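Just so you know, the sequences run in chain order A and B.
Mapping to the numbering used here: the first sequence position 289 is 289, numbers consecutive.
Mapping to the numbering used here: the second sequence position 186 is 186, numbers consecutive.
Just so you know, the hints here were simulated from the structure itself, not pulled from any lab data.
This structure is a prediction, so every number in the text was calculated from the model and none was measured.
Some hints here could point you the wrong way.
Claimed, not checked - Listing some non-contacts, in silico: residues in chain A with all C-beta distances to chain B over 12 Å: (1) Arg159; (2) His178; (3) Ser248; (4) Thr276.
Unchecked claim - Computed beta-carbon distance windows for the label pairs: (5) B:Leu681 - A:Arg161: 36 to 44 Å; (6) A:Glu270 - B:Leu57: 40 to 48 Å; (7) A:Ala106 - B:Leu59: 25 to 33 Å; (8) B:Leu681 - A:Arg180: 40 to 48 Å; (9) A:Asp229 - B:Leu59: 35 to 43 Å; (10) B:Leu57 - A:Arg170: 20 to 28 Å; (11) B:Leu57 - A:Arg161: 43 to 51 Å; (12) B:Leu59 - A:Lys174: 45 to 53 Å; (13) A:Ala106 - B:Leu681: 37 to 45 Å.
Glycine residues also receive a C-beta, built at the ideal position from the N, C-alpha and C atoms.
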Amino acid sequence: MEQHVTPGARFVDPSVLMRIGNLELLARTVVEGFINGMHRAPYFGASIDFAEHRGYVPGDDIRRVDWRLFARTDRYYVKQYEADTNTNLTILLDVSRSMQFASRGASKLEYGSYVGACMAYLAQRQRDRIGLITFDDDIVAHVPPSAKHFNVVLHTLDRARAERPGNLPRPLHKMAEHFRRRGILVLISDFYEEPDAILEAIKPLKFLGNDLIVFHVLDPAELDFGYEDASSFEDLESREQIPVVPESLAQEYRSLIQAHIGALTTKFSEHRIDYTVLNTSEPLDRALFSYLSSRERLMHVR
Amino acid sequence: MTFLTPFFLAGLAALAIPVVIHLIQRERKRVIEFPSLMFVRRIPYQSVRRRRIRHWLLLVLRAVAMALIVAAFARPFLRQGAAAAVVGGGARDIVILLDRSASMGYGDHWNRARDAARAVVRSMGADDRATLVLFGRNAEEHMRATSDRARLEEAITAARVSSGATRYGPALKLAESILGRSPLKRRQTVLISDFQKTGWSGSEEVRFGDDKRLSTVSIGADRTANLSVPSVSLGRSAFSGQERIAVTAGLSNRGDEGLKDVPVTLTVDGHELQTEHATVAAHTSGSVTFAPFTLAAPNVRGMVRAGSDVLPADNTFHFVLAPIAPVSLVIVNGVDGGERADASLFLSKALSIGTTPTFRVDVTSAGRLAPTSFDRHAVVILNDTMFPPAGGAGALKRFVERGGGLLVVAGDRSSWPQGEAELLPGKLGAPVDRTAGRSGSLGFLDYSHPVFEVFKAPRSGDFSAAHIFRYRAFEAGPTDRVIARYDDGAVAAAERKVGSGRVIVWTSPLDDTWTDIGVKPVFLPLVHQLVRHLAHYEASTSWFTVGQVLDLAARAKTKADRIAVTPAGERISQAGSRPNEGLLELDEQGIYEVRSTGAANGQPEALAVNLDPAESDLTPLDPRELVATVTGRATTPGPAEPVAQQEMTREEAERRQGLWWYLLLAGLLLLAAETAVSNHLSRNEKFL
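Isolated chain A (complex conformation) (with noise of 0.2 Å):
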């Protein structure tokens, strides 16, 4: 196996960086930042980009008049820049004791821990503060935003054991009440939950204004349920077992497990949330390149 120096080193892999490392990480919403960077402050600041006009009151500074406008509308407008900035990336793994599940190579919760070192690394290039939070019913490890916290996170990452039973909406609403500035928050979990029960619990994330990426890991017996002779299927969560035929279950399952995903995707549009379903047969580049496409893509459209 390969030895790194650094714990958690092995997760940011190169031939996975090669490909995805020109890409910028972007921001949709505003961030704020205290550097100009490239994310848009969510103030209106000096950059170049226009952001929109606004109805002049008195005391704005007379030289931010559009009067261009003014000569077509006989009104005056004020010219409002978006502003660049850096800001916090705070990495949000589900460690609960599913995220362990591995049908071949790569567990979820390794799958996902590769997630979030590729996610910090793009983060600590651009000058973003990384911060990481693993949680299952409780929050398990914290690691506050800062610029200097990359190695600190990868090193959590190493330590992240799935060892106790997952609940989402505990520790994501300790964490609504923990995050007091705008940021990106990464979600990473594979969501064995109600999608509404998973909402409820997302959405005091969001209230925040933070920018929510939810990436749902899952394995692909998950997705599949290839399985040919029939056991007891014991649930990692609640030990408990069910004797299954798969011959007979698995079509049942698959159109479940694909609704499910159907009705996350649905309800995370809905309130402008990223969300993206990795399956961990899949390579992490391919993964991650696919998902910061269509975000840049999407950024450009907008």
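The hints should help you fit chain B onto chain A, whose structure is shown.
Relative to the frame of chain A, chain B by itself:
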């Protein structure tokens, strides 16, 4: 519900096998860890639960099927109740054989027997019917098949012990006949008796088919005490011209304990003559001899009573005495002053010895024989003599025709006139000499003839020891009966019946001239038998045994009407003109009186009737032996069981109900259903 082979129920432990296998398989089964069964549980939630219940249903199906099969092997059956009646084949036809022989009068046997019979009646279902048969020596249908339990109980209550002997054969044959006519499928005979061994010989040839069942209720006692007087012997002697009788009473103690100083009393014509005391050990016999008494008149009624016990009927023995009239006969020798004056010596000496009867012998010669002599004698013996002149002109023939007896002893001097040829059973021929070489002997005797019947048994008379040196050839007529032949086939004796009388020709002298038979042991009984037969002598019977049938018409020899009075006082009238009505069955112990209506003032004839001595033998028979012989099937012991429970043996009930067949079928059907259901389920199975 009872099981015939309950040890098979241990097989119910096999019910645990599917469960155990199921549990073992569950433990061994591969467990696949899955992140969440949220969706699995949702497919859909209700159907999951239902399928799990279906699994339980299958398990229950299998368990019930296995339990049914195990129960079938245990051969269940229902003991009682309506269900048992239904599965047992419906209504029963019961024949209650109630023993009322004399031995049932022992102690409380009769009451217990009637209680047992009532119990059988009370165990009857509404559709059952029963026939009450009372039996002793014979069996009679006392109450025909009826479902009326009240009438049956009344009939049982009204039944009485008889004096008859015990015979199981007729009763069982009657029961078999009644059940054979029954339209009902369940046919049952209940035999209630004390099961005397003497009542069953094992060769009665009674056989119940498989559709008829025989159960028994034994009310006999384990230990018995019974003293009986099975017989008396009457010693006759003559004293001073009168007959004296010495009565010797036999005593039999069939009990388990000896008896001491038992009073034995002789009563004659109502007067106690003498009482003796006897000691009889257990299971032994003894006798008491009373002092002789003079018998002067006929129809003297005697009785011997010995002690008293729980079966009093056999402690008394009745008899009737009458003086025996001597048989009168005349021996006709050859001519007076002949060369052998003592020609009839052997005959007269032999006939002077008899006691039953005594013989009054007159000896005369042919010339002196008067025609009136025929009327004064019962038998005429022509002893080696010519045909008597007095018998000529049909006088001797008429004598014979009236019932007289004629014995012709053929010798050298015998001759027979041609005119009287029809009196002689053949033709006399010339003497035959057998002195050359070995002498002759008697080679053939007709033992079916009354004369020789007493010699029929082995070592009862050796006629071959007599040497025959000469005899008269004799050619028997075609209708005459040759009753003895010599070893060369010649006729030794022949008989002809003439009218009511008989004529016998003996073709060699009954003395020591031509033969030595006169000095052989058989001579005396032979002569006595010849005379008794020719005189139509019948010994008077001092007592009869219950069950015997008398032809009163033949005894009376008149056609007068008769009235018979039984010991119980019942009067039975018989018309003398109807010979078929002259039969009287002696079925009561005691003295019967028979009076002819034409002799109203005369003394009635008395007939003493006693119990069959076998009734005193209370040795019990194993009822199972009887049942096995009759049905050909072994039975379980039943005497101690209540009657209601005895009505059907366990094997019989199980065999008739046949529940095992239905259980086995149901079990197999359940297994088939389980197979079909499980196959169907497995096709749509999503969960194990």
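Quick rundown of the hints versus the structure:
| no. | hint | in the structure |
| --- | --- | --- |
| 1 | Arg159 | 21 Å, holds |
| 2 | His178 | 27 Å, holds |
| 3 | Ser248 | 4 Å, violated |
| 4 | Thr276 | 18 Å, holds |
| 5 | B:Leu681 - A:Arg161: 36 to 44 Å | 42 Å, holds |
| 6 | A:Glu270 - B:Leu57: 40 to 48 Å | 46 Å, holds |
| 7 | A:Ala106 - B:Leu59: 25 to 33 Å | 43 Å, violated |
| 8 | B:Leu681 - A:Arg180: 40 to 48 Å | 59 Å, violated |
| 9 | A:Asp229 - B:Leu59: 35 to 43 Å | 22 Å, violated |
| 10 | B:Leu57 - A:Arg170: 20 to 28 Å | 42 Å, violated |
| 11 | B:Leu57 - A:Arg161: 43 to 51 Å | 44 Å, holds |
| 12 | B:Leu59 - A:Lys174: 45 to 53 Å | 48 Å, holds |
| 13 | A:Ala106 - B:Leu681: 37 to 45 Å | 39 Å, holds |
Of the numbered hints given earlier, the model fails hints 3, 7, 8, 9, 10; all others are met.
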